[in-house]
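Asker: Position chain B against the provided structure of chain A, taking the given hints into account.
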Amino acid sequence: MATLSERQAKKITDTLLGAAMVPELLVSVRDRSGGHVRFARNQPTTEGDVETVEISVTASIGGRTATAVGNRSDKASLEALVAEAEELAALSPVDPEHMAPVGKGAYLQVEAHDKATAKLGAQDRAAQVERAVAVANAADLEIAGFMSHREQSVAVATSAGAFAFASDTQASLTTTCRTHDGLGSGWVGVESHRGSQIDAERSAQLAAEKAEISHDPKALDPGKYVVILEAQAVADLLSFLVNALDARAADEGRSWFSHPDGGSRVGEQLFDTSITLRSDPADKQNPARPFTDAGEAHKIVRFIREGVVEKLTCSRFWADKTGAPAIPRPSSVLLDGRDIDLLELVGGVDKAVMVTRFWYNRVLDPRTILATGLTRDGTFLVEQGKITTAVKNFRYNDSPVTMLNNVLALGRPQRVVTRGGQVMVVPPMVVRDFNFSSLSDAV
Amino acid sequence: MRATGVAAGAGVLWPGWARADPPGAREPAPVKPPSSGDLSLLAASPLLADELLAARALDAAKKAGASYADARLVAWRRERVSVRDDHIRGVRRSSEYGIGLRVIADGAWGFAASPRLDAKSIDKLAKRAVAAAKINAKLRREPVELASVSPIAGRWVSPHRVDPWTVPPKDKADLLIAASNSARAIAGVAHVSASVDAQREEKLFLSSEGARIHQLLFRVRPSLTATAVDRRRGQFASRNHEIAAMLAGWEHVEDAKLVDDAAQIGEDAVRKLHAAPVEPGERTVILDPSNLWLTIHESIGHPTELDRALGLEANYAGTSFMDPARTGELEIGNELVNFVADRTQPGGLATCAWDDDGVGTERWQLVEGGKLVDWQTTRDQAHWIRDKTGDKDGHACSYADSYSSVAFQRMPNISLTPGEDGKTTEDLINATDDGILISGRGSWSIDHQRYNFQFSGQFFWEIKNGRLARPLRDVAYQANTVDFWHSMDMIGGQGSFRLGGSFSDGKGQPGQSNAVSHGCPPARFRVNVVSTAGQERS
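For the protein sequence lines, the chains are A and B, in the order given.
So the first sequence is numbered by our numbering: it starts at 1 and just counts up by one.
So the second sequence is numbered by our numbering: it starts at 1 and just counts up by one.
It is worth saying that the hints were derived from the structure and are not from the lab.
Watch out, some of these pointers could steer you wrong.
Between beta-carbon pairs, the in silico distance windows are [unchecked claim]:
id, chain 1, residue 1, chain 2, residue 2, range
1, B, D59, A, G121, 21 to 31 Å
2, A, G421, B, P143, 33 to 43 Å
3, A, S5, B, K388, 47 to 57 Å
Away from chain A, derived, C-beta distances all over 10 Å, residues of chain B [to be verified]:
id, residue
4, E201
5, S223
6, K257
7, D260
8, E282
9, T327
10, E368
11, K392
12, T417
13, G422
14, A431
15, K464
16, G495
Every residue gets a Cβ at the ideal spot worked out from N, C-alpha and C, and that includes glycine.
If we strip away everything but chain A, and leave its shape as in the complex, we get (with noise of 0.2 Å):
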């Protein structure tokens, strides 16, 4: 079932902004409808065909602002939910921060709707099921995986005139394949715009594979090693770092780009000179959304340019406050890279871990971005550039600033899965003194 269209969902913000008492508005729709098959133990076990819409409203009068959303988009509903918002509204304190909704504005042209993706269905699902299941019992090995695929339609629009529409598809697939003995375990992910890109047959052979050499692992000591990130290991340390590049905590003394005598510590050289991390919603082979859920946006930004800190994100109220423009939580982060191919780097290296995706990362100390974690489904030695023997999984503690200043190589950077709805591209990685700090029995 195709979601809304640009009309129709300009039809329903155009019922709310019209249902308003009070000044300032700013209302939102999202429409989705996707479909998802879970596969475990060689075999389909769950799957669904699902419809979903999230309608919402910000109210505010005299700084006084609530939000409201609700999921039916009839009339009486989309009137009786601006009143919610708008009796919210009234009764909430003041907001001394409270900043007005964004007026009419230009966005960046995205093309990230794909027709084939937005027809995919159980029929489409269960072809690629069975496709990694043929490759998992020719090898004799188990499989389990997930894949879905969406179409989107979001609109945002203001009492002050902004309108934003843009829609969009997705598809991702995820594999694991395990040998039977539990012993060993790999895993491969894919996510694009377009499920096109999903080959359920290449990425089982690729888990398959990784399975099959990460069997009965050796144990090394925990220390510090050179190791070689996998793109997905690189974004999952990456993301803490992402989410640190926020002005407001760096100049109110809560985080690690807070400068001791005040201040940020934008302009200084903080990362090694091959690190430019930038934002493109408008990425032709990642696109992205091009605006926030309250109408902002998102722009082509560079966020560190050759080590150097050139932006962090700042919010409306705190761009006001201090002078510094306003930069929204990105939509893409792109880390750029060189046009290296992953098994050259290894190939490039004397000794080091090659780590496929880190597994429950959390941070430890936000003043240093010190992050732990474990490897997780693929973790191997490399000696004279050949992949030698399957090692045992580590916990590491270490963080994104320090990987992003010791690299010693990056590769070619490509898409990654990610769970917050952000588009991550970014390059594998040889960095030299990663801390592992404990060995773990789990494969």
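Answerer: What follows is chain B alone, placed relative to chain A:
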């Protein structure tokens, strides 16, 4: 409440939030009923108006070839009021309503969900779910098997005194701002944030076997965090209030005395800033219930999920170090270690009267004298473990977090049984020559088979010669699950038992969120203590 009374030893560390529950009843009365709130709240439910559509969905599914179907009409309401320092940060209410239809056709599951509740949409939904099930059935190696249960007609309301939706947001914000101001009055406290989340979950479950179950649940989660900043040294420290989320009404927030406790939280934040760094190494730790509940969740809760142990979650959350084939013999701790799973526990976030398969909830032993004896199961998992446990119809652990989510096995409340000799926290401290008392929930991380974990906390006291000596900072404990539960050598009694809990236990693909509680007394362990302080920058 299975636990009341004030923790001894250092009352300042533990706000007294444990409260008695109002009495009630479930219709019809099960063997061990969780108490119910006022059932008349269900009589005016708007869900009743769509009951015929739900029944139509079941008929349409059967007509399309389903051998089993259930329909859930689910209405969620959520509210969040949050403040920062002396002002409001946000008031947000959301509601969501729709129908989820689950079917079995040709031995495979199918599911379809929509917020569109009209006859035409419902008929389409049923066709879609059955068609998808039939497609997947061709790839099934064995058919889905549901344990036989008698269909129930029942109603239940979670016990509460004050419906959170009857309290105006301004009153909520005023209470939070008052608490925030009381913490901010402490010199050195730079920022305070506080919030209350409230949930109202209502569902009407109908099955093709004739079940009809109507339930309404309220949950609340208050929180408060004070941050102290020492700009000169480039340091900051945060301290969270240890108050637990509960299956309860607004009374839980009022009774918690946030305003009274907030100054202490502020003082703790400042103290943390000036606390001594921890010396890493093998140490004795006493874990307060406000800390230990999460360690139980991660190290015992997740690995005893049967689907997980059998590989159904391998692609996301992982598998389990516990092997179902070794049920009844696998040692995961010493003889002091006993765990009970319980979806009828008063105040427990996972408590309800019937699960989302329509099976009556219960209480059962998971670990007895250190040995794994049973699992978390659902109706469609019962046959996987029946020969090991003798359990016929599963343990009613099915849950879906929305109309649009597929119900599957989710964690019940799982609690550590207190010791019989009635020890208090103070007894544990007095008996410890050299150790660390850890309270509150800090950063946590555990591997995907649940062996290796590392947990931090909110506040850390060094213990010397049976006394709290001085506050420490940057403490985390790292251990292997089995070693950890074998090292437990002292445990508090019934009077020191507390519930902790989370609104957001994640599992499944697409990811679903489950609310769950864990109760425990304080207990003493031997662990590897690590410092979480990163290198100070130059």
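Asker: State the violated hints by number, sorted upward, taking the hints as numbered earlier in the document.
Answerer: Of the numbered hints given earlier, the structure breaks none, since each of them holds.
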